[in-house]
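Build the full structure now, drawing on both the sequences and the hints.
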Amino acid sequence: MNMRHTAANVEHFIIYTLGLFLFLEWVYPIETLFESANVQLLIVFLIYTFLVTYLQLRWWLSFLLKAVGFIIVINVSIQAKQLFSVMPLYEQIIENAQFIAKSNWHLITEPFENMLFFTLIWLVSYLVFYWYIVLKNNLLFVLLTFFYITVLDTFTVYDGTIPIIRVFIFAILSFACVRFSATWQKELPIKKYVRTIIKYVLLLGSILSIAVIAGYIVPKDEPAWPDPVPFATMFNQNEADEEQVKKSGYGTNDDTLGGPFETDDTLLFTSHSDTKHYYKVETKDLYTGKGWERSEEIIYEKQANDSIKLGMFDQPLENDEKEAMITYEDSFADMDLFAYPYGTTAIRYDLNDYIFVNQASSLLKKRDVENGESIEQYDVTYREPTYIEEQLSTSETNEADKQARYTQLPDELPERIHELAEEIVEDAGATNTLEKAQAVEAHFSSTDFVYETTDVAVPEADEDYVDQFLFETQQGYCDNYSTSMVVLLRALDIEARWVKGFTGGDEVLTNEQSDKSTYEITNEHAHSWVEVYFAGVGWVPFEPTKGFTPDQPIVPEDDMEEAEDPLNEESLDEEQIESEEDESVEENEQDSIEQKDEQGKSTILKWLLITLLIIIAGLTAYLVYKRREIRMKQLYNRMTREQSIASFEKAFTYLLKLLRKRGLTKEESMTLREYAVTVDKKYAGNKMKKLATFYEQVLYNKGSNVQLTKTIVNQWKQLCDEVIKNNK
Amino acid sequence: MSQTFKNRFVLLLLFVIFAVLYAYMQFQGGFVSSFLLTSYSVLLLYELIFYMFPMKGWSVSRSFSEKQVYAGDRVDVNISLRRAIPFPVHYLLYEEKLAESLRTPYVSLLTEQLTQIKKRDVIIIEKAPFFKRDVTFSYALEHIARGIHSGGSIRLVTTDIFGLFKKESHIIVDDELIIYPRQLNVRLASDWAGRLLDGYITTAKSFEQDSVTSTSVKEFSPGDKLSTIHWKQFAKQGELMTKQFDDEKRAHISVALFYDEKNASKQAQESAIEYCAALFNHFTNEQIEVEASIHYDSDQVIRENNSRNLLFSLTTLSHQMKEKRVDETKTIQSSPNTTFVYLATTMNEQLMSELKKNSPHQDAVLLYFSHSTALNDEDKKELKNLQNYHVRVQLITEKTFINDQVEVKSE
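So the sequences go chain by chain: A and B.
Take 1 as the starting number for the first sequence in my numbering and just add one per residue.
Take 1001 as the starting number for the second sequence in my numbering and just add one per residue.
Rather than coming from a laboratory, the hints here were simulated on the basis of the structure.
Take these hints with a grain of salt, some might be off.
What the hints assert, rightly or not - BS3-like cross-link-like pairs, simulated, lysine-lysine; straight-line CA separation at most 30 Å:
#: 1; chain 1: A; residue 1: Lys199; chain 2: B; residue 2: Lys1167
#: 2; chain 1: B; residue 1: Lys1056; chain 2: A; residue 2: Lys725
#: 3; chain 1: A; residue 1: Lys192; chain 2: B; residue 2: Lys1262
#: 4; chain 1: A; residue 1: Lys192; chain 2: B; residue 2: Lys1127
#: 5; chain 1: A; residue 1: Lys626; chain 2: B; residue 2: Lys1006
#: 6; chain 1: A; residue 1: Lys186; chain 2: B; residue 2: Lys1356
#: 7; chain 1: A; residue 1: Lys681; chain 2: B; residue 2: Lys1266
#: 8; chain 1: A; residue 1: Lys725; chain 2: B; residue 2: Lys1132
#: 9; chain 1: A; residue 1: Lys681; chain 2: B; residue 2: Lys1167
#: 10; chain 1: A; residue 1: Lys199; chain 2: B; residue 2: Lys1166
#: 11; chain 1: A; residue 1: Lys186; chain 2: B; residue 2: Lys1056
#: 12; chain 1: A; residue 1: Lys690; chain 2: B; residue 2: Lys1266
#: 13; chain 1: B; residue 1: Lys1006; chain 2: A; residue 2: Lys191
#: 14; chain 1: B; residue 1: Lys1399; chain 2: A; residue 2: Lys199
#: 15; chain 1: B; residue 1: Lys1132; chain 2: A; residue 2: Lys191
#: 16; chain 1: B; residue 1: Lys1132; chain 2: A; residue 2: Lys186
#: 17; chain 1: B; residue 1: Lys1262; chain 2: A; residue 2: Lys186
#: 18; chain 1: A; residue 1: Lys191; chain 2: B; residue 2: Lys1167
#: 19; chain 1: A; residue 1: Lys682; chain 2: B; residue 2: Lys1262
#: 20; chain 1: B; residue 1: Lys1167; chain 2: B; residue 2: Lys1006
#: 21; chain 1: B; residue 1: Lys1166; chain 2: A; residue 2: Lys191
#: 22; chain 1: B; residue 1: Lys1006; chain 2: A; residue 2: Lys725
#: 23; chain 1: A; residue 1: Lys192; chain 2: B; residue 2: Lys1266
#: 24; chain 1: A; residue 1: Lys136; chain 2: B; residue 2: Lys1167
#: 25; chain 1: A; residue 1: Lys192; chain 2: B; residue 2: Lys1166
#: 26; chain 1: B; residue 1: Lys1127; chain 2: A; residue 2: Lys136
#: 27; chain 1: B; residue 1: Lys1266; chain 2: A; residue 2: Lys136
#: 28; chain 1: A; residue 1: Lys186; chain 2: B; residue 2: Lys1127
Stated by the list, open to error - Chain B stretches covered by chain A per the calculated footprint, using a threshold of three residues with CB under 8 Å from any CB of chain A:
#: 29; segment: 1018-1028
#: 30; segment: 1074-1088
#: 31; segment: 1148-1154
Claimed, not checked - Example chain A residues on the side facing chain B (calculated, C-beta under 7 Å, incomplete):
#: 32; residue: Asp153
#: 33; residue: Phe155
#: 34; residue: Val157
#: 35; residue: Thr161
#: 36; residue: Val201
#: 37; residue: Leu203
#: 38; residue: Gly205
#: 39; residue: Gly215
#: 40; residue: Val218
Note that the Cβ used here is the ideal one computed from N, Cα and C, for glycine as well.
Quick look at the structure:
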């Protein structure tokens, strides 16, 4: 073999092997993230595809080899008896295609997951080859690898300590070697090449060792800057500039309300729950004229976590227990309060003994917040309250029993608010607390009020927040409506408080076998509403905000009974229901075990599929872009292989087609020779003339011994090259 | 995009990466971010040192393997470079854009038989000096063309281990490379010599037979031919005397080269030049008085009677250096004893007027250089017509050359 050729081979081998090592770093973390993934098999397949690509066989042969390998590893991964059968592959695709179509990510089977990984590896082996050998630039790949490892290290359980050192070494080595190979303009003779590359690696190695050792021994500091993730998702109203656009979301500081906000769909938590309902987080009682504060310091009391008493209800709740499993996302990680549905009786999380409760502000807090550990996941048991109209209308609170903090109003509150409150009640003819509250609630549904997030005013220094909204702007979002309602009620001497939390969120998937649904609650679902106290019943939520429906409507007693009836009727066939229940219980148990996995899994699966599609699209685009070169190469190869006249005729026709596309059309009147002259004029030379002459010979001496020579083939190739390149 | 701009862009990019890693470290803390930042900083430091490192302290000198080089020969060029500080460099590129005159290789009618020689533009040599302070680049120029070659630009490029920055240094080398016309050995065929040098031979014979015809004697000086010693005088006076002859009695050859750069082929032209030099040397060696004249640019003439000067004139003969020498316009002196050897590549007016002028009493040979394929019937006819001017025509084509030794004969 030619010496120079060998040098190039050595170079390819080194570069490609380093690329392989770097790509292996993408596979190792899969083991940590996906318990189901068969990493050993992935690595075997990865090395196999790299080997096949490295050999640079004919494209179809290499494709075939990879496809066979693919089928074998699939069959091994599902432990099929036949290694070469395509049926399991086919079945998997059919089975999982429908899950993907319905976005039921959690149903996707493990073999199919593995299959996706195998496909990804297959495709990436082409990409790596393209980056390393064709493009001679692997910067993108190197940067992506760093990005991948750091993201995994930051946001998942994957520990990147040792991998980052490996990645650093392989990435720098492989980047340097690719650059080395691209730098030398001529191929070095093998002896010189070996000598140079050894010296080069020594030089590079010494710099790299210094870098790695320095990186290893340098003391590791804790983060000096605050965590950017909650910083980006939560708005801090302390710093609220009047002009500043806030992001929607849950904030703890409400002492200055007003101003526009941008919608922000950062996912905060997901809830796997029996019903869709509001999530309450806290209440506030002190209205300042600008916003909400608390009238007293928060003092928590310990409560057993399976019998939480929030002081919300004056009577025990009677409805059936329901369950919700709530998972906080990392974006919500610094939230130390539980979001809970109305009627919560128990919260279970990793430490199942007690939690901190503050009744005055309706707070539920994780027990050991000092550790800095955030809430990740908890199960809530709740009995949905039912508010019965009759009970509420008969409720009377003695003046003496009223707590001043729930009827508090600032002294500067404009008189016209009191007047408006009286007017509303009078107009509605309301007599009891319920009617008054409903009248005030209904006041906001008039067409005068508009729901608006962007064009929302901030009160001037001497202006009241509620006054501005009620009489001037009349457009705003939940904070405007809820605060205004509380203030109007208090103006009527009704006990009311301001509630913050979240609406029910978006339903993302319904498990048909289970009664539960999964809801995603994002920053957009942050909400505020109103609670009114009814003696003997408790705190009852009201929803004044335009466009929102109340979490728990107030129903007449008759309706209640009716609503319960269907349930009773359903129990006609008890056996059936029992068996169904059994099933669903089983499912539920399984679900809750796998739930945590599935949350991350579905996101990763989504990304995996997106990545696959992008790569496939990229490869297709590349093939389409290079289609002429590819077709030309094919025809060329066929001519050199067969040396047949037929192959030349095909090639010549293709050339004519290419020329036609370049605007060089052969007119009817033209002879082939005349046409050849015009072509040669454009592409300086006499190649077309030679080809045309040969073609004529072929045409007129059919069957006789016209030989396809190498010169003709090369002339054809050169002319094709020129024609293809000249257009670009 | 210029290299400086590219380098600055890369520098900016490196700092952006640093900023990103720094921010990552500040936000995240822990091993991964600190490791990345520190290790990257070490590499960045290396890159910065490389970026700031000056290339100005490098001294470069060039030398050629031989002092006197003839066209078609090979010249070995050596460039030695000395670096002031041995900063480790794994790649050093020497790139020389050859002077215009060096790009096209030597061609003559003779080279037709050689394999085709590629045109060369740029010499690229790559070296990996690492810590070495002295680096030598050497290359050979094969089939070098006649002329005085100077100019061309040299560029040294080096890059860091990651090939991110490319640093260049331009070197101006003001040395000249003089390439003389290729040397031919001319052997005159006997009949040709006989006829052409009739006058000379008879003169010599008559002189030997009849010493009385000598007009005067002078003292012998080293270098005079032994046959010209006046032995009788020596016998009489005991002193070595040599015989002196009248000018008109002595053979005189005029070699006239008609250089027509515009119309003639390069090969024919080059061969004509080589013949001119070779014939002149041949006659000089034979002690025949010879004068050469070079006719070019339709009315310019250079006259030489010294073989060194002629060689130099022929060397510089090409339109790039025509302004170098300007001689007064003179016609070839015609004395009855002068034999003319014309060397031409085209039948231009200059040649015709010379032929006409000398035609009444001349004994002349025209060596006509051309590609055999370039001659058409009309040309041949015209050449035949030249006999009217008492010129014998000999056609020299690429077929004339059998080996390096050239035989000149009449038809």
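Cross-check of the supplied hints:
1. Restraint check for Lys199 of chain A and Lys1167 of chain B: satisfied, since their Cα atoms lie roughly 21 Å apart, inside the 30 Å limit.
2. Our distance criterion of 30 Å between C-alpha atoms is broken by Lys1056 of chain B and Lys725 of chain A, whose separation comes to about 41 Å.
3. Pair hint Lys192 of chain A plus Lys1262 of chain B does not hold up; C-alpha atoms about 48 Å apart against a cutoff of 30 Å.
4. Using a Cα cut-off of 30 Å, the hinted pair Lys192 of chain A and Lys1127 of chain B holds, with the two alpha carbons roughly 10 Å apart.
5. Straight-line distance between C-alpha atoms of Lys626 of chain A and Lys1006 of chain B comes to about 29 Å, which keeps the hinted pair within the 30 Å bound.
6. With a C-alpha separation of about 60 Å, the suggested pair Lys186 of chain A and Lys1356 of chain B falls outside the 30 Å cut-off, and the hint is violated.
7. Among the hinted pairs, Lys681 of chain A with Lys1266 of chain B is consistent with the structure: their alpha-carbon atoms are about 27 Å apart, no more than 30 Å.
8. This hinted pair does not check out: Lys725 of chain A and Lys1132 of chain B have alpha carbons roughly 44 Å apart, beyond 30 Å.
9. Between Lys681 of chain A and Lys1167 of chain B the alpha-carbon distance is near 42 Å, which puts this suggested pair outside the 30 Å criterion.
10. Among the hinted pairs, Lys199 of chain A with Lys1166 of chain B is consistent with the structure: their alpha-carbon atoms are about 20 Å apart, no more than 30 Å.
11. The hinted pair formed by Lys186 of chain A and Lys1056 of chain B meets the criterion: a straight-line CA distance of about 26 Å does not exceed 30 Å.
12. Under the criterion of a C-alpha separation no larger than 30 Å, the hint pairing Lys690 of chain A with Lys1266 of chain B is consistent with the structure, at around 29 Å.
13. Straight-line distance between C-alpha atoms of Lys1006 of chain B and Lys191 of chain A comes to about 33 Å, which puts the hinted pair past the 30 Å bound.
14. Proximity of Lys1399 of chain B to Lys199 of chain A is assessed by CA-CA distance (about 55 Å); at most 30 Å being required, the pair is judged violated.
15. Under the criterion of a C-alpha separation no larger than 30 Å, the hint pairing Lys1132 of chain B with Lys191 of chain A is consistent with the structure, at around 19 Å.
16. For the given pair, Lys1132 of chain B sits about 21 Å from Lys186 of chain A by alpha-carbon distance, which is consistent with the 30 Å threshold.
17. With a CA separation close to 39 Å, the supplied pair Lys1262 of chain B and Lys186 of chain A exceeds the 30 Å bound.
18. Taking the CA atoms of Lys191 of chain A and Lys1167 of chain B, the gap is about 27 Å. The hint holds against a cut of 30 Å.
19. Between Lys682 of chain A and Lys1262 of chain B, the direct Cα distance comes to roughly 29 Å. Compliance with the 30 Å bound is thereby established for this hinted pair.
20. The suggested pairing of Lys1167 of chain B with Lys1006 of chain B holds, with an alpha-carbon distance near 10 Å, which does not exceed 30 Å.
21. With a C-alpha separation of about 26 Å, the suggested pairing of Lys1166 of chain B with Lys191 of chain A holds against the 30 Å cut-off.
22. As the CA atoms of Lys1006 of chain B and Lys725 of chain A are separated by approximately 27 Å, the hinted pair is consistent with the 30 Å bound.
23. The straight-line distance between the Cα atoms of Lys192 of chain A and Lys1266 of chain B is roughly 41 Å, outside the 30 Å bound, and the hint therefore fails.
24. The straight-line distance between the Cα atoms of Lys136 of chain A and Lys1167 of chain B is roughly 21 Å, inside the 30 Å bound, and the hint therefore holds.
25. Taking the CA atoms of Lys192 of chain A and Lys1166 of chain B, the gap is about 23 Å. The hint holds against a cut of 30 Å.
26. Proposed proximity of Lys1127 of chain B and Lys136 of chain A is supported: the alpha carbons are some 21 Å apart, at most 30 Å.
27. Taken as a hint, the Lys1266 of chain B and Lys136 of chain A pair is broken in the structure, with Cα atoms around 44 Å apart against an allowance of 30 Å.
28. About 11 Å separates the Cα atoms of Lys186 of chain A and Lys1127 of chain B, which keeps this hinted pair within 30 Å; it holds.
29. Using a Cβ-Cβ cut-off of 8 Å, 6 residues of the segment 1018-1028 of chain B lie near chain A, which meets the minimum of three, so the contact claim holds.
30. With a cut-off of 8 Å between beta carbons, the segment 1074-1088 of chain B has 1 residues touching chain A; three or more are needed, and the interface restraint is violated.
31. Only residues whose beta carbon comes within less than 8 Å of a beta carbon in chain A count, and the segment 1148-1154 of chain B has 0; fewer than three means the coverage is violated.
32. Annotation: interface hint on Asp153 of chain A holds; nearest CB of chain B at approximately 5 Å, less than 7 Å.
33. Hint on Phe155 of chain A is violated. Least Cβ distance to chain B is approximately 10 Å, over the 7 Å limit.
34. Contact between Val157 of chain A and chain B, as hinted, is not supported at the beta carbon level, the nearest pair being about 14 Å apart and thus beyond 7 Å.
35. Annotation: interface hint on Thr161 of chain A holds; nearest CB of chain B at approximately 5 Å, less than 7 Å.
36. Restraint check, Val201 of chain A versus chain B: the minimum CB separation of about 10 Å is more than 7 Å; hint violated.
37. Evaluation of the Leu203 of chain A hint against chain B yields a held restraint, the C-beta minimum of about 5 Å falling below 7 Å.
38. At a threshold of 7 Å, the smallest CB-CB gap from Gly205 of chain A to chain B is about 10 Å, leaving the interface hint violated.
39. Taking 7 Å as the C-beta cut-off, the interface hint given for Gly215 of chain A holds, the closest approach to chain B being about 3 Å.
40. Restraint check, Val218 of chain A versus chain B: the minimum CB separation of about 4 Å is within 7 Å; hint holds.
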